[in-house]
Structure formats: structure tokens, C-alpha cells
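Single-letter residue listing:
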Amino acid sequence: MASSPAGTLYRGREGMWTWVAHRITGVLIFFFLFAHVIDTAMVRVSPEAYNAAVETYKNPIVGVMEIGLVAAVLFHALNGIRIVLVDFWSDGPRYQRQMSYGVVGVFLLLLLPFIWRHLTNVFGH
Amino acid sequence: MTQSTQQPGTSQIAAPRSPYKARKAGNFELYSWLFMRGSGVLLVALVLGHLFVNLVLGEGIQAIDFAFVAGKWANPFWQVWDLAMLWLAMLHGTNGLRTIIADYTTRAGTRFALKTLLYFASFVVIVLGTLVIFTFDPCIDPDSTLSVCQTN
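If you read the protein sequences in the order shown, they are chains A and B. If you're matching positions, the first sequence starts at 5 in this note's numbering and goes up one per residue. If you're matching positions, the second sequence starts at 823 in this note's numbering and goes up one per residue.
Derived by calculation from the structure, the hints in this document are not laboratory data. Since we're looking at a predicted model, the values are computed, not measured. Glycine included, each C-beta is placed from N, C-alpha and C at the ideal position. Certain hints may be false.
[As the list claims (entries may be wrong)] A few chain B positions that, by computed beta-carbon distances, are all more than 12 Å from chain A:
#  : residue
1  : K843
2  : Y853
3  : Q884
4  : N897
5  : V902
6  : T928
7  : R929
8  : G931
9  : R933
10 : K937
11 : P960
12 : S969
13 : Q972
[Stated by the list, open to error] Simulated coverage check for chain B against chain A, where a stretch passes if three residues somewhere in it have a Cβ under 8 Å from a Cβ of chain A:
#  : stretch
14 : 870 to 878
15 : 941 to 955
Working from the sequences, and respecting the hints, build out all of it.
Rendered as C-alpha cells:
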């Protein structure tokens with residue numbers, strides 16, 4: 005009868021959500037890495053084969069998806085620095101929550117100019 | 823006296839406050855934990871530098887073609903950069919996925935199958951990427967304007 009007993013589902017705060025996002029972005033980047041090494045390997049086949057592979061990345065739809073990839077890399081990098089600070093800086097655990105918001109702030113500060121720059125390159129040609 | 827009252831099978835329990843002895847299995851998990859932090863810090867510089875040079879500077883993604891790669895890899899600086907990035911990112915990612923597999927698989931067979939697949943795929947990509955960087959020939963392009971291709 006009890007559909008969702010209160011208090012049994014763990015809902016963490018900033019620390020849990022950054023942990024979840026760190027996992028998801030990490031897996032995403034790792035899978036892209038496989039594709040990226042293989043597309044770069046086309047330089048050993050012929051200049052034409054490489055240019056054809058890299059042309060895919062200049063497609064407007066893929067170009068927009070690249071913003072998602074860069075966003076994943078930026079978050080993973082910034083939150084990774086936060087993890088290192090939590091582990092090695094004596095005051096790290098005390099400020100882990102504030103650093104979570106710092107990560108989001110710096111993430112937006114770097115991502116928004118990149119979106120503008122990248123969309124200009126993708127659609128400006 | 824205490825020895826004589828001990829029950830069979832309990833003799834392996836160490837006395838309280840006996841000194842800690844490292845397990846014979848070694849400290850692999852400690853070193854992998856440390857590697858994630860060390861490689862992570864290096865990768866922040868390597869990957870963000872890579873993205874800045876390839877996607878932000880100049881015409882960004884529109885400038886990337888065979889000649890762009892040839893121009894970069896004609897310089898040992900970028901060969902070393904890309905090689906370090908390849909190895910560190912692959913090992914960092916493989917170790918990350920190893921952790922995720924260990925966390926979410928419940929059956930030993932599934933865990934073994936996924937880890938085997940992961941290690942095999944990672945090995946292939948690391949070897950392929952390393953060979954590409956070291957055996958790359960910029961002069962494969964007959965229209966190359968690189969000085970190294972103009973000698974003959």
C-alpha cells in the first residue's frame with residue numbers, strides 16, 4: 005500500500021549531484037575519446053579520408069553537439085579540481101559546498117563565451 | 823593461561839592494538855586513487871589547451887583539416903602534447919570506467935565480461951593512437967606546403 009515511504013530515498017545535496025554529474029560527464033567524454041582517436045587515425049589512411057571524417061564535425065547539428073561535449077569537459081575538469089582540493093587542502097571538506105557553486109560559476113563563465121565563439125565558427129561559413 | 827581457554831578457529835584474530843600490517847595484495851587501489859588526481863590535474867591543462875588551440879583560436883573548427891594536423895605534428899612539441907594527452911586520458915578514463923563497472927554490476931560474470939571488454943578496447947585505442955602519432959607522414963599529401971616536404 006505504501007507507495008513511496010518518506011525518508012528511505014537518499015537525496016543528497018550539492019556533493020551528491022556534482023558526484024552524479026562527474027560520473028555522467030566522465031563516461032560521455034571517455035566514449036567520445038574512442039571515436040576521436042579513430043577519426044584522427046584517418047590521417048594515416050589519406051588526406052581525403054581524414055578531411056571527410058573531420059567534415060562531419062563541421063556539420064551544424066554535430067557542431068551544436070560539440071558544445072555539449074565541451075560543456076562536459078569543462079564541468080569534469082572544474083569539478084575534478086574541486087575533488088583534488090577537497091582531498092588535499094586542509095580546509096577543502098569545509099568549503100566543498102561553496103566550491104560546488106564556484107564550479108558552476110566558472111563553468112558558465114567559460115562556457116558562454118565558448119558557445120558564442122563556436123557557433124560563430126560553425127554557422128559563419 | 824589465556825591460550826588454553828581459546829576456542830578452535832579464533833587464533834587468527836590479532837590482539838587489540840597490534841600494529842597495522844599492509845595486505846599482501848599491495849596498494850593498487852591507493853595508487854589508482856592517486857593517479858586519478860595526478861593525471862586529472864595534468865589533463866585539465868592538456869585538454870583545455872587542446873580545445874583552445876583547435877576550437878577557439880583562428881577559425882576554430884573550420885580550420886581543421888589534414889594540413890592543420892600535419893602542421894601541428896611537424897612540431898615535436900605537439901607530438902609530445904598529444905601523446906601525453908592520449909595516454910593519460912585513456913588510463914584515466916579506463917580507471918574511471920573500471921570503478922563504475924565495479925559499482926553497478928552485481929554478478930561476477932557480468933563484471934568480468936565488461937572489464938575484459940573495457941581493457942581490450944582501451945588497449946586497442948592506446949596502441950592505435952600511439953602508432954598514428956609516431957608513424958604519421960605529413961608528406962603523404964602531394965599539395966603539402968610544409969618545408970619538410972619540399973626537400974626533394
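Verification of the hints:
1. K843: Non-interface label on B/K843 holds, nearest chain A Cβ at 25 Å vs cutoff 12 Å.
2. Y853: 15 Å, holds
3. Q884: 5 Å, violated
4. N897: The assertion about B/N897 holds, with a minimum of 15 Å to chain A.
5. V902: 16 Å, holds
6. T928: At about 18 Å from chain A, B/T928 clears the 12 Å cut-off, so the statement holds.
7. R929: The claim stands: B/R929 keeps its Cβ more than 12 Å from every Cβ of chain A (closest is about 20 Å).
8. G931: 22 Å, holds
9. R933: 17 Å, holds
10. K937: 14 Å, holds
11. P960: 9 Å, violated
12. S969: 18 Å, holds
13. Q972: The assertion about B/Q972 holds, with a minimum of 17 Å to chain A.
14. 870 to 878: holds (count 4)
15. 941 to 955: holds (count 6)
Taken one by one, the earlier hints fail for this structure at numbers 3 and 11, listed in ascending order.
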